[in-house]
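K.L.:
Starting from the given sequences, assemble the full structure and let the hints guide the process.
Here's the letter readout for the chains.
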Amino acid sequence: MSQSHPLPRWADVLLMPVVNLAIALLAAGLVVALIGQSPREVMVMLVQGAFGTPRGLSYTLYYATSFIFTGLAVAVAFHGGLFNIGAEGQAILGGLGTGLVALWLSSRLPAPILLPLMLLAGAFFGMVWAAVPAYLQAYRGSHVVITTIMFNFLASALLGYLLVNTLRAPGGMSVESVPFGPAAHLPGMHELLAGLGIAWPSSPLNISLFLALLAAGGVYLLLWHSRAGYRLRAVGASAGAAAYAGIHPKRQVILAMGLSGALAGMVGMNEIAGVNGKLLLDFVGGAGFTGIAVAVMGRNHPVGIVLASLLFGALFQGGAEVSMEVQGFSRDMVVMLQGFIVLFSGAMAYVISPWVGTLIHWATRKPRAATSAAVAKTAGGTHG
Amino acid sequence: MTTLPPSLPAAATDASVAVRMVDINKRFGSVQANADVSLSVRAGTVHGLVGENGAGKSTLMSVLYGFYGADSGHIEVFGQPARIRHAQDAIALGLGMVHQHFMLVETLSVIANVMLGAEPHVLLKRADALVRERLQALMASTGLRVDLDAIVGDLSVGDRQRLEILKTLYRGAKILILDEPTAVLTPQETEALFKVLARLREQGTTIILITHKLKEVMRLCDHVTVMRGGRVVHESAIAQASVQGLAEAMVGRQVNIGRPSDRHTQPGEVLLQAEGLTVRDAMQVTRLHGLSLNLRAGEIVGVAGVSGNGQSELLEVLSGLRAPQAGRLALAGESFEDGRWLDPRAARRLGLAHVPEDRHARAMVMSFAAWESAVLGYEGLPEYSGRGWMRHGRMRAATEAMMERFDVRPRAPRLGSAKFSGGNQQKLVLAREIGQAPRVLLVGQPTRGVDIGAIEFIHAQLRALRDAGCALLVVSSELDEILALADRVLVMNEGRITGELPIDECSEARIGLLMVETHEVAA
Amino acid sequence: MDEALIGAMIASTLRVATPLILGALAGLLAERSGVIDIGLEGKMLFAGFAAAAVGAVSGSVVLALLLAMVAGVALSLLHGYACVSHRGDQVVSGMAIDLIAAGLTVVLGIAWFHQGGQTPPVGDAVRLHPLWPGAQAALQGVPFVGAILGDGLLSHNIMVYLALALVGAVWWLLYRTRFGLRLRAVGENPHMVDAAGVSVLRLRYAALTLNGMLCGLAGSYLVLAQSSSFAPNMTAGRGFMALAAMIFGNWRPVPALWACLLFGFLDAAAIRLQGVSLPGLGEVPVQAIQALPYLLTVILLAGFVGRSVAPVALGQPYVKER
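Residue numbers (this note's numbering), protein chains in the order written: chain F, 1 to 384; chain H, 1001 to 1523; chain R, 2001 to 2322.
Calculated directly from the structure, the hints in this document are not laboratory data. Check each hint, because a few of them may be wrong.
Claimed, not checked - Sample of chain H residues with no beta-carbon within 12 Å of chain F, all distances over it, derived:
id : residue
1  : Ile-1075
2  : Gly-1290
3  : Ser-1335
4  : Gly-1339
5  : Arg-1345
6  : Asp-1358
7  : Glu-1379
8  : Arg-1463
Unchecked claim - A few chain H residues facing chain R, derived, Cβ under 10 Å:
id : residue
9  : Ala-1087
10 : Thr-1107
11 : Lys-1125
12 : Lys-1167
13 : Val-1196
14 : Val-1233
15 : Leu-1501
Said to hold, decoys possible - Here are the computed distance ranges between Cβ atoms for each label pair:
id : chain 1 : residue 1 : chain 2 : residue 2 : range
16 : F       : Pro-201   : R       : Pro-2279  : 54 to 64 Å
17 : R       : Gly-2116  : F       : Leu-193   : 52 to 62 Å
18 : R       : Ser-2085  : F       : Gly-52    : 55 to 65 Å
If you're wondering where the values come from, they're calculated on a predicted model, not measured in any experiment. Every residue, glycine too, gets a C-beta built ideally from N, C-alpha and C.
P.N.:
As structure tokens, this is what we get:
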């Protein structure tokens, strides 16, 4: 528990995620070996499957898109001092909102007007689903972690109810809605590239990837360059200092969670508008929870989140490929790895950081003059 | 300094001395909290340990009770040498301590709190019966009465304190250390406590009373030791002491007192007027009793007094961090009442700036960069942000200017706030607040944790601000500082202003007495 | 009303509530000591897998139960290591355990049994059977109480009765023993407990160990009494429902029992009410009933129905300050 050598800033932001990933991979590798596979072979196949082919790469990026949204959502909440476990439910509601607008208006409005409306609806629905628990936390003292977990279940129930009873396509066997009109469809990346004269295999990857990257940029600008972001971070960092500055903590809690929910709600654009073209059950598929792993790994910074999302997208896609090739391997390996990453980056961070800090201290001890200069130079601000 | 009676003769038979601490030294970083402190407490007596904040009395008792180890010196309890490394060792030797902040579990009953950790049986029913019996006996013999089955959360402060005393007696304490016991009690509860302490003394319990309330000391104690600056400055039997003498010993200075005010002009108009400020805390203990004051342009008003007597609450109310239960405030032409009070943003808008006492939890955000902390509270100003976006360039430039002006080192706006030393942090906070050219400046503990060189600088800045026409209120537990800075001194005790003196009429004796003056409630 | 229906409802309620009761008791012990436990779901899942795997391979119900409890305890201690011995975030750690368990159980299942994550069904000897198999038939003829007693109360396996008994046992432990007193104190004011000379760490680890054992029982119930083999993600949110029941019961054993019974009843009712129209409300959607436990918990937490009083020090890592 003693932390005699605190981590320098650069190590905290860059080195620790790598260290945590390495340890998580080690743990997962042990399990792989335990069940009789070769960890190295599995790794190679995984990387190949994720990046080796255009189709694989597309799938990787498609998965990453949803993770960017949910990762940003969790990170924004963390900056505001809250743990948003409800990204899964907020993503469900977002998809519902997007889908409802699509069902209602896809035959009446052209795409350039309809698509932004769908996006707004998705974000709005997600925002509301997060704002209610936030309000309960701020004004009634209900622990936001518990209420958001409950809201996840409520979201599933709501979606299930609507799909089964109101929205179900008549005559169909599966629980899904009528397909949307073409106006409600986000162009796939292969379509976009074909328009530019590049041949690309068809895949679920669609232009919502750009939306995700834009969102990442937007979150960065908001958190570190806007007044609202400053206040949000102040409340999350020090409620006492924020009160001193005249910032209302309760209001900020709701704003932070609202923004968080809105970001999670954008998953609907990827999954509903981009890929499926209709409402169905379980289109989020755990992305809300992966978002937590992504935010934790990415140190709650948009750049880290994009990279971590790419990593997890690769794991999911690579994992799918491996499970097709290797007997006895399944996607659940990735879920497990995800768990290890959350464990080591998140919960065990206090166990590992001191060790790394001590190691760095020993490694950089010798050249004294050079070290102090290096420390002064690298002692950067709180953001990139 | 007036002459004081000589100290106790060193020879007293071992067994009759409950506690003997010899040449205790304790250093925290650069601060020598205890320097060659010796204390001798006779068994079966009430011994007062008196001094201002930072005098070293709490440290000394923490050493005795095992929270810290002394750097050097030794301790004897009832004549036997004692090695006290944890509170458990102290308890085993018969020491018991009642802290200022109670250590109780609010959801459990009184009897559960008493027995926790020392339960006589694994099964609670049996344990309960055994403990109850013992406690009934204790309560009968000491006159301490508490409802054993009451839930602590429902108890008054006085009852909780009785519970704490009961806890120590239950564990066989023969030497009771009480840390500022009457700080949170009403006058009636104080009377009740005194009766209990007298009874305990009759039964041979030794009591050490840490306090700054000299009238209580004169009433209750048999002997008194006064500490100042980490050393013992006076020791005598109560019979040979007087409140005046003790106050002087407690407060005595070697700096010039009664210095003429060094301001250049007469104080100007009243910029802030507060009337009837009453604040009650979460436990319904009154922290400010209808306090009134005003601040004039071109004047430094210093608030002297032992910490914990309402100074913090006063600053919170005047800066808008907290709304009082009753009171009125007039500031820059606007008036506020307890239903609709000032808030920090309005305060800033009206030209009131505040340097908080708590640097870490209020004045700065430790995880932010220095330049981000340097705009805390002002991030909405047009020079710093436009249409919702913050102007980083300007903020950083402003921070650099602040650092330049107040000699904050290192001159690195991007460095994390936590990486600066205490003194540099304080200078940055002051630079930020003074930089807004406020009309009224509230300052809490301006030089706490600040090195000597920076102290002079900070004082000079405050004086310069005053000369420019600002009204300043400086709260400090360091009397030195008040006497060096103030033009007018308000002395606070127990949530009231006990006296107001222009600086040239201040003397140790007068201020010392005002600091310990209590408000007698008509019976 | 039809007694057979009442009897069947009671039976259903108790059967569904049993894992919830065990889970809620587990969560209660941990949280009363000040440690948030979101990992109930993962621990139950892992324990279920252990029971299924060991049961299928060894054919011994005792061994299956034992190893299920070991599995639960292992994860609880991991949680303790991260959060109690070190200052790890308790919510994150609980989540990590859920994820790890979800993945690991399937990975091991596929590797060991090659059935896509399912385990082979455990033998009949390993399964739990009704304690009084003849009771239901024997009481059938008795008017009024026959079905209620026979079907509703006496037709269950030992685990159901054990769960009910454990409610009493946990109550007794918490309120009638020294350990219980200290446990309750450490969740409210760990500083006070530390100052009184009692080890905060040891208390919390003890609570977590009991928590792990109870999760072990909960998980093994699912396999040994309900379905006979492990299937991926078979806990299906029961861990979270147990958490909700614990909160609904205000972190007290007997109210938590009522909450579990209520949730169990709702589950039993959901199936029976499908397609049935209630007067004035129309057809009750099954999702609404499924969502009720969660909705009720939110309503309680929002303070609209009574007050939710969590242990004061819940979720705060204990750091000795000096």
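K.L.:
Are the hints correct? Go through all of them and say.
P.N.:
Hint-by-hint comparison with the structure:
1. At roughly 28 Å, the least C-beta separation between Ile-1075(H) and chain F is larger than 12 Å, which holds for a residue marked as non-interface.
2. Residue placement check: Gly-1290(H) keeps its beta carbon more than 12 Å from all beta carbons of chain F (closest about 26 Å).
3. Non-interface status of Ser-1335(H) relative to chain F is upheld: no Cβ of that chain comes within 12 Å, the nearest being about 19 Å off.
4. At roughly 19 Å, the least C-beta separation between Gly-1339(H) and chain F is larger than 12 Å, which holds for a residue marked as non-interface.
5. Chain F draws Arg-1345(H) into its interface by the beta-carbon criterion, the shortest separation being 3 Å against a cut-off of 12 Å.
6. Listed as a non-interface residue, Asp-1358(H) fails to keep its Cβ farther than 12 Å from every Cβ of chain F; the least gap is roughly 7 Å.
7. With a least CB separation of 5 Å from chain F, Glu-1379(H) falls inside the 12 Å interface cut-off, contrary to its annotation.
8. Distance to chain F confirms Arg-1463(H) as a non-interface residue, since its nearest Cβ pair spans about 25 Å, more than 12 Å.
9. With its C-beta approaching chain R no nearer than about 6 Å, Ala-1087(H) sits inside the 10 Å limit, and its interface hint holds.
10. Evaluation of the Thr-1107(H) hint against chain R yields a held restraint, the C-beta minimum of about 6 Å falling below 10 Å.
11. Interface hint at Lys-1125(H): satisfied, since its Cβ lies 7 Å from the closest Cβ of chain R, which is below the 10 Å cut-off.
12. Hint status for Lys-1167(H) relative to chain R: holds, with the closest Cβ pair at about 9 Å, below 10 Å.
13. Evaluation of the Val-1196(H) hint against chain R yields a violated restraint, the C-beta minimum of about 22 Å exceeding 10 Å.
14. For Val-1233(H), the interface hint is violated, since its Cβ never comes within 10 Å of a Cβ in chain R; the closest pair sits about 28 Å apart.
15. Taking 10 Å as the C-beta contact cut-off toward chain R, the hint placing Leu-1501(H) at the interface is violated, the least distance being around 39 Å.
16. Distance hint check: the CB atoms of Pro-201(F) and Pro-2279(R) are about 58 Å apart, consistent with the given range 54 to 64 Å.
17. About 37 Å separates the C-beta atoms of Gly-2116(R) and Leu-193(F), a value inconsistent with the hinted range of 52 to 62 Å.
18. Checked against the hint of 55 to 65 Å, the C-beta distance between Ser-2085(R) and Gly-52(F) comes to roughly 43 Å, which is inconsistent with it.
Figure legend: structure checked against the earlier numbered hints; hints not met, in rising order: 5, 6, 7, 13, 14, 15, 17 and 18.
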